[in-house]
Amino acid sequence: MGVKFDRLVYGGDYNPDQWLEYPDILEEDIRLMKKAHVNTVSLGIFAWAKLEPQEGVYDFDWMEEIINRLYENGISVFLATPSGARPHWLADRYPEVLRVNEMRQRNIFGQRHNHCYTSPIYRQKVRQINMKLAERFDHHPGVLMWHISNEYGGECHCPLCQSAFRSWLKKRYNNDIKEVNRKWNTAFWSHDYQNFDQIESPTPLGETSIHGLVLDWKRFVSHQSVDFCKAEIQALRDAGGTKPATTNLMYNFPTINYHEMAKVLDVVSWDNYPQWHKGPERLIAMDNGMQHDIMRTLKKEPFILMESCPGPTNWQSVSKLKRPGMLETASLQAVAHGSDSVMYFQIRKGRGGFEKFHGALIDHYGKEDERTYQECKEVGADLEQIDELKHSNVKADVAVIYDWENRWAVEEAQGPRNKGVFYKEAVEKSYYAFRKQGLNVDLPDMTQDLDGYKIVVAPMLYMFRAGFEDKVRKFVENGGTFILTYWSGVVDENDLCVLGGTPGGLMDVMGLRSTEIDGLYDGESNTVKAVVGDVAYKCEHLCQLVDVKTAEPLFVYGEDFYAGTPAMTVNEFGKGKAYYVCADSEQKFYDDVYAEIVAKAGVEKPLKQHIPEGIEVSTRQGENVEYVFIQNFNKVPTAFTPELDGAEVLFGEVTGEMKPFSTIILKK
Amino acid sequence: MGVKFDRLVYGGDYNPDQWLEYPDILEEDIRLMKKAHVNTVSLGIFAWAKLEPQEGVYDFDWMEEIINRLYENGISVFLATPSGARPHWLADRYPEVLRVNEMRQRNIFGQRHNHCYTSPIYRQKVRQINMKLAERFDHHPGVLMWHISNEYGGECHCPLCQSAFRSWLKKRYNNDIKEVNRKWNTAFWSHDYQNFDQIESPTPLGETSIHGLVLDWKRFVSHQSVDFCKAEIQALRDAGGTKPATTNLMYNFPTINYHEMAKVLDVVSWDNYPQWHKGPERLIAMDNGMQHDIMRTLKKEPFILMESCPGPTNWQSVSKLKRPGMLETASLQAVAHGSDSVMYFQIRKGRGGFEKFHGALIDHYGKEDERTYQECKEVGADLEQIDELKHSNVKADVAVIYDWENRWAVEEAQGPRNKGVFYKEAVEKSYYAFRKQGLNVDLPDMTQDLDGYKIVVAPMLYMFRAGFEDKVRKFVENGGTFILTYWSGVVDENDLCVLGGTPGGLMDVMGLRSTEIDGLYDGESNTVKAVVGDVAYKCEHLCQLVDVKTAEPLFVYGEDFYAGTPAMTVNEFGKGKAYYVCADSEQKFYDDVYAEIVAKAGVEKPLKQHIPEGIEVSTRQGENVEYVFIQNFNKVPTAFTPELDGAEVLFGEVTGEMKPFSTIILKK
Amino acid sequence: MGVKFDRLVYGGDYNPDQWLEYPDILEEDIRLMKKAHVNTVSLGIFAWAKLEPQEGVYDFDWMEEIINRLYENGISVFLATPSGARPHWLADRYPEVLRVNEMRQRNIFGQRHNHCYTSPIYRQKVRQINMKLAERFDHHPGVLMWHISNEYGGECHCPLCQSAFRSWLKKRYNNDIKEVNRKWNTAFWSHDYQNFDQIESPTPLGETSIHGLVLDWKRFVSHQSVDFCKAEIQALRDAGGTKPATTNLMYNFPTINYHEMAKVLDVVSWDNYPQWHKGPERLIAMDNGMQHDIMRTLKKEPFILMESCPGPTNWQSVSKLKRPGMLETASLQAVAHGSDSVMYFQIRKGRGGFEKFHGALIDHYGKEDERTYQECKEVGADLEQIDELKHSNVKADVAVIYDWENRWAVEEAQGPRNKGVFYKEAVEKSYYAFRKQGLNVDLPDMTQDLDGYKIVVAPMLYMFRAGFEDKVRKFVENGGTFILTYWSGVVDENDLCVLGGTPGGLMDVMGLRSTEIDGLYDGESNTVKAVVGDVAYKCEHLCQLVDVKTAEPLFVYGEDFYAGTPAMTVNEFGKGKAYYVCADSEQKFYDDVYAEIVAKAGVEKPLKQHIPEGIEVSTRQGENVEYVFIQNFNKVPTAFTPELDGAEVLFGEVTGEMKPFSTIILKK
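Chains as they are written, first to last, in this note's numbering: chain A, 1 to 668; chain B, 1 to 668; chain C, 1 to 668.
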């Protein structure tokens with residue numbers, strides 16, 4: 001399975017279409033790329049205007065020449081389909097291709113990603129150029145993969161989309177409008193639909209109060225985006241293209257369920273832009289690592305880091321310079337979490353336009369004596385040094401569920417805390433607690449298998465998608481350790497409240513019923529105190545009250561009218577254990593409590609020794625070999641001697657002290 | 001006069017139309033309501049789609065069945081007209097019924113309260129269903145009252161409304177456009193109108209700079225809303241309906257002058273949603289009590305608490321659980337201030353939609369062993385215990401003027417402090433100072449009588465509506481105590497500045513002229529120092545400078561270039577006294593100064609003893625009987641033994657210490 | 001050259017058109033104006049509706065009567081063209097005259113300044129009334145000058161403007177769309193234009209990502225506004241008008257390049273509304289002085305202070321009273337910086353409309369015993385006392401470049417700090433450092449001559465407009481002292497990045513190359529430490545790193561990975577010196593460093609003695625005479641005895657201590 005390149009891929013987005021009038025620069029680019037160990041570039045991402053300057057008139061020669069020149073110099077290509085931005089003539093002639101916003105205003109030509117995913121004309125025009133590109137370039141030995149469009153996202157409310165939404169709903173609800181009314185509880189506020197034609201996408205000008213509608217609209221937007229991508233790839237296949245295809249995904253992206261998107265891709269790739277040095281690097285690394293792991297879990301295979309920034313970005317509120325060592329460490333972190341590449345946006349800074357000051361391998365200055373260029377060159381050399389670990393994979397014994405549909409529902413619901421329930425943060429706290437012990441972590445959604453994990457955590461799983469309760473029940477019955485938190489199992493997959501008690505369908509597994517949930521104002525807090533011993537932790541935001549049946553309280557609340565009632569419980573069920581965490585407690589609570597649970601569940605750690613704060617440990621597993629990455633994300637030297645235990649040092653130095661932003665890779 | 005029900009009304013909004021497919025639940029609802037002492041529900045508020053599923057096709061049978069079932073079980077009904085939300089077919093067929101916003105965009109079907117108050121079609125369709133409902137149900141013995149629509153509000157800028165606005169203006173200004181120009185001073189910025197057709201409602205796209213236009217638009221919006229309500233009631237009467245009618249008003253609501261609305265209602269009712277536990281409960285209680293008193297003063301008769309929340313709400317930024325005792329104390333506070341009911345939104349939580357997590361008597365869980373259900377049951381029992389005090393009224397010796405039109409004008413005027421003049425807060429400070437002494441307080445507007453009061457306060461009465469100066473002059477001449485504050489008497493009822501000196505028409509009564517007013521930045525302050533003695537208070541936001549003629553300074557400013565000039569004065573006029581408060585001083589200033597004024601004015605207090613902070617005292621007067629409510633809004637036990645003075649304890653216990661959130665009712 | 005009035009002008013905006021129905025008030029106005037030494041008023045600014053009540057029907061008699069009455073009483077007139085607000089009939093009949101916003105929505109009649117600068121109809125109607133006014137009043141001896149429209153500003157996106165924009169671009173780019181693509185680098189994101197008709201003004205609905213387009217749109221908006229003003233003046237000339245013309249400019253105004261506007265005016269005038277007492281007055285005075293100097297530098301001639309506020313304003317967030325003395329000191333500050341007038345908005349407060357509470361010579365109260373009136377009267381007397389210094393000019397040896405086009409570009413560019421690069425603040429720091437030594441300062445733009453200056457500073461000159469590098473090179477070669485700061489010379493005049501190293505074209509003059517620039521988060525800082533000695537200063541926001549060639553470091557960074565690298569350098573070039581300031585350092589850095597540079601450059605100071613904080617020193621130069629203004633902007637008395645050095649005291653008193661907000665004028 002999976003896409004395997006013959007080396008760790010190194011390079012980035014390259015836009016020679018901005019420099020066609022500067023032949024010397026194009027030559028110099030190749031010299032500088034080679035010197036920096038670049039072996040692959042993404043090409044043609046926004047080149048449609050140059051590839052099809054008039055409708056039906058294609059000009060691919062300049063691109064072929066560039067692909068050839070690159071190939072001659074040992075540089076391969078991820079060839080892009082150009083749908084991310086369209087030529088003026090297309091929007092002029094077919095205004096339907098432009099997006100309509102939720103206020104029902106049609107956009108004017110401009111920006112990028114400004115296209116309707118439904119428009120038949122747009123789909124046809126994209127199909128045509130994709131086929132032409134495939135016919136001309138798919139067979140080229142320098143072309144390794146198709147880079148489909150760019151950072152899909154956003155939504156369109158045009159009449160074509162309204163119509164497609166209705167068709168999608170008809171299919172989902174068996175063409176039965178009464179079923180829609182039932183599933184969306186439209187009787188509330190007299191919103192019963194008489195027919196599908198009355199349904200409009202959510203808008204401040206009209207409907208926003210039906211959660212079922214809002215949720216299904218989000219599902220449709222995601223579906224339509226995925227379907228568009230699928231159609232793009234199909235065009236390549238229909239033209240005889242055989243090279244694998246991917247599209248570049250984004251950080252914590254809301255509008256597309258990436259689990260659905262991953263299904264139509266041959267390999268997952270993503271664009272990674274952490275704001276290094278905005279606060280402690282060790283926390284940014286933790287957050288960033290979680291995103292790498294989300295991407296990796298989509299297919300549970302190595303992925304491609306498609307974009308990252310070699311210098312400062314230019315579109316964040318403050319664009320900080322990367323401190324020495326940061327680029328190397330961040331690049332190797334991607335590899336540690338399962339990437340088989342390090343790629344940048346961009347190879348050369350453009351002269352004008354929105355991203356002209358975005359970091360690049362080659363600056364406007366254009367010469368080698370630049371810090372960024374020199375650091376990139378080192379990263380290129382590093383990757384050649386560790387090339388052997390390509391194709392090795394990341395295996396995890398623990399999983400923390402992170403589910404797009406749950407996110408949509410829980411963030412939209414008017415509930416106990418409209419100013420923030422902190423779903424992502426709830427997931428992070430569990431993820432971090434495992435990572436601090438050096439454990440690899442998967443982040444599956446509710447549709448993925450739980451088999452094979454020793455511990456599964458479901459933080460704030462407000463919505464139980466169909467079948468999830470059963471999966472959990474079996475997992476625990478068979479000996480798994482399951483951890484559920486506050487504000488879980490409240491609604492079904494249409495965001496309709498469960499009747500008869502929550503967490504829906506799991507009250508016996510958890511051994512309790514959730515009764516009330518208290519919202520705390522910013523600045524308010526409570527404490528959770530261990531039933532045994534006198535340890536206590538702070539909690540904030542949300543405090544769930546529970547009525548225990550068979551469960552045993554491990555922690556109780558310290559304050560307020562519910563002081564003394566359970567704040568964490570455990571229930572023996574079948575061969576397994578089910579823990580319930582009632583409150584949004586501080587990180588240390590998770591760190592301490594999960595350390596015990598990990599020990600009890602018999603999960604093995606890659607390093608037995610204590611891992612200091614700021615040091616990250618990750619592993620990749622090859623055939624009969626394990627690579628252990630040890631990375632220091634502290635900006636000061638940190639005392640740490642990893643136990644070698646017979647392992648070989650593949651990269652870095654073991655000296656008893658790790659330098660700031662440095663990496664050691666052991667091979668076992 | 002007044003609407004009198006045969007017991008204290010207890011119940012809430014009930015939406016069986018969301019549960020028609022769950023007959024068991026409908027049965028269980030009745031069992032649970034009865035057990036909780038519920039005697040009345042509001043029915044059919046958003047049921048139009050179920051009552052008239054197609055145009056002209058009515059289905060009232062399900063409702064009759066429910067009314068009958070309720071009636072058989074001792075539960076009466078406030079029957080709603082369903083205009084608050086309309087069926088899809090109505091908006092589809094007659095798009096004119098949907099609102100147009102100030103940017104001149106027509107809404108799409110959705111939300112609620114999304115209808116034009118002018119549309120002849122909408123008025124006709126509402127009239128039709130109201131008449132049908134009246135014909136079918138008005139005579140039903142279970143129907144106690146009509147609940148007209150729901151929480152009227154908002155505005156529409158459609159062509160029909162523009163036209164109605166122009167007609168309304170023609171009537172107001174005798175069809176004379178020159179009179180409009182004069183009253184609005186349109187010569188400013190060359191805005192003279194040549195004819196009425198040129199007048200458009202205020203909009204960011206056009207006119208916002210003519211205060212007279214903005215003010216008249218607000219008056220028109222209020223008028224049109226009231227007129228719509230009036231037409232709804234008229235439909236019931238035209239169909240032979242005889243039951244009283246009300247509509248549910250809201251907290252500190254801006255867009256309708258409730259004094260006008262009250263005139264078309266048989267009884268005042270309102271929806272009360274304080275954010276209990278967001279800050280000290282004693283302050284929230286004070287604020288909340290003021291709103292109860294505003295509602296009561298509309299008719300100076302007992303009112304109906306139509307909605308309140310038995311648990312946490314779901315639409316505020318944070319939805320806190322009510323602490324034990326809070327529900328009972330908040331419910332009895334309404335009664336203390338003149339309510340003859342306690343009603344909730346809602347009887348049962350819906351499964352889906354915007355308010356699915358809003359507190360209710362019956363949770364999704366659906367059983368009795370819920371804290372909220374149990375507390376509601378106690379409140380039901382309480383009301384039965386104190387049922388005798390129904391129909392008794394609240395009498396007040398002091399009044400603090402709170403005027404909708406003044407609010408519109410002073411908040412719109414570009415004056416000394418555009419980032420906030422704090423009109424409501426100015427009213428509150430005076431109100432609180434009286435309430436802390438246990439005095440009942442009326443909050444009339446400028447059109448109501450001043451006769452019968454011993455003290456009248458006019459805080460920040462920027463605008464003097466026609467005739468108000470005369471009323472005040474007579475009140476003081478006849479021996480009344482009048483208190484006026486800074487930024488008063490500045491403009492006439494068209495927001496035109498008074499010429500020749502302010503406060504307009506009252507310079508002799510006050511014995512001074514206001515000269516300049518200083519705006520203070522946030523964080524800046526001055527002090528007001530007693531002329532006699534060395535007491536001083538902080539003041540903020542606004543400092544009025546005055547030129548005293550016959551008035552005597554009681555306080556002077558402590559700082560800045562106007563140090564030593566008067567900050568509070570008193571003037572003897574006729575048989576009365578006129579005080580002028582120059583600056584926005586801290587609450588303690590009002591507490592201390594008003595205590596002296598109360599004593600001088602000979603106002604009698606219900607309890608002679610000192611009332612500790614957080615204890616509220618209120619009275620209701622029946623025939624030869626007075627009920628004294630003593631409520632502890634502190635979240636800690638508070639030492640207090642009310643002097644019985646021969647009174648009987650009707651409710652609660654007198655133990656020397658009042659429990660948190662507890663109530664004592666004495667009967668004299 | 002230059003417009004010279006026969007006395008210092010004193011008066012303000014007068015709107016008798018709001019009082020035509022109050023003849024007594026019009027009479028009283030004249031009495032009060034005369035008593036206050038008023039000699040000039042601006043008349044008719046928003047009087048179009050009164051002047052042309054119906055299309056083509058003019059009514060000028062009332063105005064003639066007022067001009068005559070004023071003239072008989074020794075009061076002259078700046079007569080306005082009324083285009084700032086239009087009559088209803090004009091917008092009704094010709095909707096094209098109303099503005100269209102960037103969202104492509106056409107405004108409704110309302111507000112002021114709501115007109116399209118392109119509309120041929122609007123231009124024609126304005127031309128007609130301007131000609132009529134000129135024919136009737138230009139020859140009147142009471143009319144001194146034309147006051148063209150009012151506070152031009154804003155932009156329109158209507159089809160007529162789109163078309164005019166395209167024509168303007170065709171001219172600029174020789175009708176060559178490929179040249180546009182090249183200059184705007186439209187290849188980025190595939191935005192190549194095929195023809196000019198595809199170009200649309202920037203909008204959130206369409207294009208905002210092409211910096212070249214955004215910049216040219218700003219240039220066009222400025223051009224069109226200036227062209228409109230030019231056409232207004234031409235109408236007066238075509239009707240035989242000979243009186244000079246001006247329009248009132250505004251504080252730090254973004255949308256019009258005032259250097260272009262000044263070219264079509266006979267004299268510069270502006271409206272000055274500092275928020276006195278919002279923070280330390282000495283800082284507000286410094287900021288305000290800079291704006292006076294920007295206005296003066298436009299023509300390097302005396303200017304007219306057209307509006308200022310005699311009391312509190314009414315449109316700022318808080319409207320503070322002016323402390324005693326503030327009005328006089330602020331008024332004389334304008335004169336110190338080159339104004340030959342003091343004028344107010346407004347003579348009399350209107351009764352209604354947006355500005356009814358704006359400070360005025362005459363209050364609604366209407367009598368003399370008002371503090372503001374009395375203070376205005378004193379200012380009138382002051383101006384008569386110092387009348388001899390009219391026509392004298394301000395000469396400066398030092399210049400700080402402040403360039404509109406650079407401002408547009410640097411604030412739009414997505415670069416190292418999108419949350420603020422602080423261009424204006426960078427200019428201020430240099431300006432303040434010179435002013436604290438009592439030096440007059442010019443603030444030319446890049447197109448003005450550098451000849452004659454001893455020191456020229458170019459703070460944050462991100463964009464080098466064509467020819468600027470050469471001008472600087474010659475200036476330094478010939479012995480000038482040039483100071484350039486961080487984030488300079490980065491792009492060319494189309495906002496295209498310079499290739500080959502920055503600051504573009506000046507690397508040899510500065511003796512270094514800028515390599516990287518670090519953005520610092522709010523709250524972060526670094527230090528700059530002197531290479532010799534141990535003085536150090538804090539810096540924030542932006543730190544430029546440089547690679548020195550021939551330059552000598554004077555300061556180095558104190559912290560972070562670039563500690564020890566240069567933070568300020570000097571390079572000898574030709575007969576001059578070129579300094580480079582790398583970081584956004586605190587004010588004291590500039591104060592100390594510039595003091596040394598001033599000494600080295602041989603710039604002479606008007607007072608040799610130390611000037612205490614809060615005292616401002618300015619000079620005006622007449623024929624063989626110099627006036628030295630010494631003003632105390634501290635709100636406390638300040639010890640200071642200016643060295644007389646043979647000078648005469650023209651105004652104020654030299655006592656060893658200057659009173660708060662007081663002025664001394666010496667005559668040398």
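In short, the hints are calculated from the structure, not lab data. Positions of the beta carbon are idealized from the N, C-alpha and C atoms, including for glycine. You may find that some hints are simply not true.
[Stated by the list, open to error] Chain B side only, calculated, beta carbon under 7 Å to chain A, not exhaustive:
#1 Q18
#2 A49
#3 N68
#4 Y71
#5 N73
#6 H88
#7 M103
#8 R112
#9 H113
#10 P120
#11 I121
#12 P274
#13 S319
#14 K320
Structure-based check of all given hints:
1. About 4 Å separates the beta-carbon of Q18 of chain B from the nearest beta-carbon of chain A, less than 7 Å, and the hint is met.
2. The restraint placing A49 of chain B at the interface with chain A holds, with a minimum CB-CB distance near 4 Å, inside the 7 Å limit.
3. A least Cβ separation of about 21 Å between N68 of chain B and chain A goes past the 7 Å threshold, and the interface hint is therefore violated.
4. With 7 Å as the threshold, the beta carbon of Y71 of chain B stays out of range of chain A, its nearest partner Cβ sitting at about 23 Å, so the hint is violated.
5. Among the interface hints, the one on N73 of chain B is violated; its C-beta lies about 23 Å from the nearest C-beta in chain A, farther than the 7 Å criterion.
6. The restraint placing H88 of chain B at the interface with chain A holds, with a minimum CB-CB distance near 5 Å, inside the 7 Å limit.
7. With its C-beta approaching chain A no nearer than about 9 Å, M103 of chain B sits outside the 7 Å limit, and its interface hint is violated.
8. For R112 of chain B, the suggested interface contact is upheld, since its CB lies about 5 Å from the closest CB of chain A, less than 7 Å.
9. Violation of the interface hint for H113 of chain B is found here, the shortest Cβ-Cβ separation to chain A being roughly 10 Å, above the 7 Å cut-off.
10. Hint status for P120 of chain B: violated, given a least beta-carbon distance of 21 Å to chain A, over 7 Å.
11. Nearest Cβ of chain A to the Cβ of I121 of chain B: about 17 Å, over the 7 Å cut. The hint is violated.
12. Taking 7 Å as the C-beta contact cut-off toward chain A, the hint placing P274 of chain B at the interface is violated, the least distance being around 15 Å.
13. Hint status for S319 of chain B: holds, given a least beta-carbon distance of 5 Å to chain A, under 7 Å.
14. Annotation: interface hint on K320 of chain B holds; nearest CB of chain A at approximately 5 Å, less than 7 Å.
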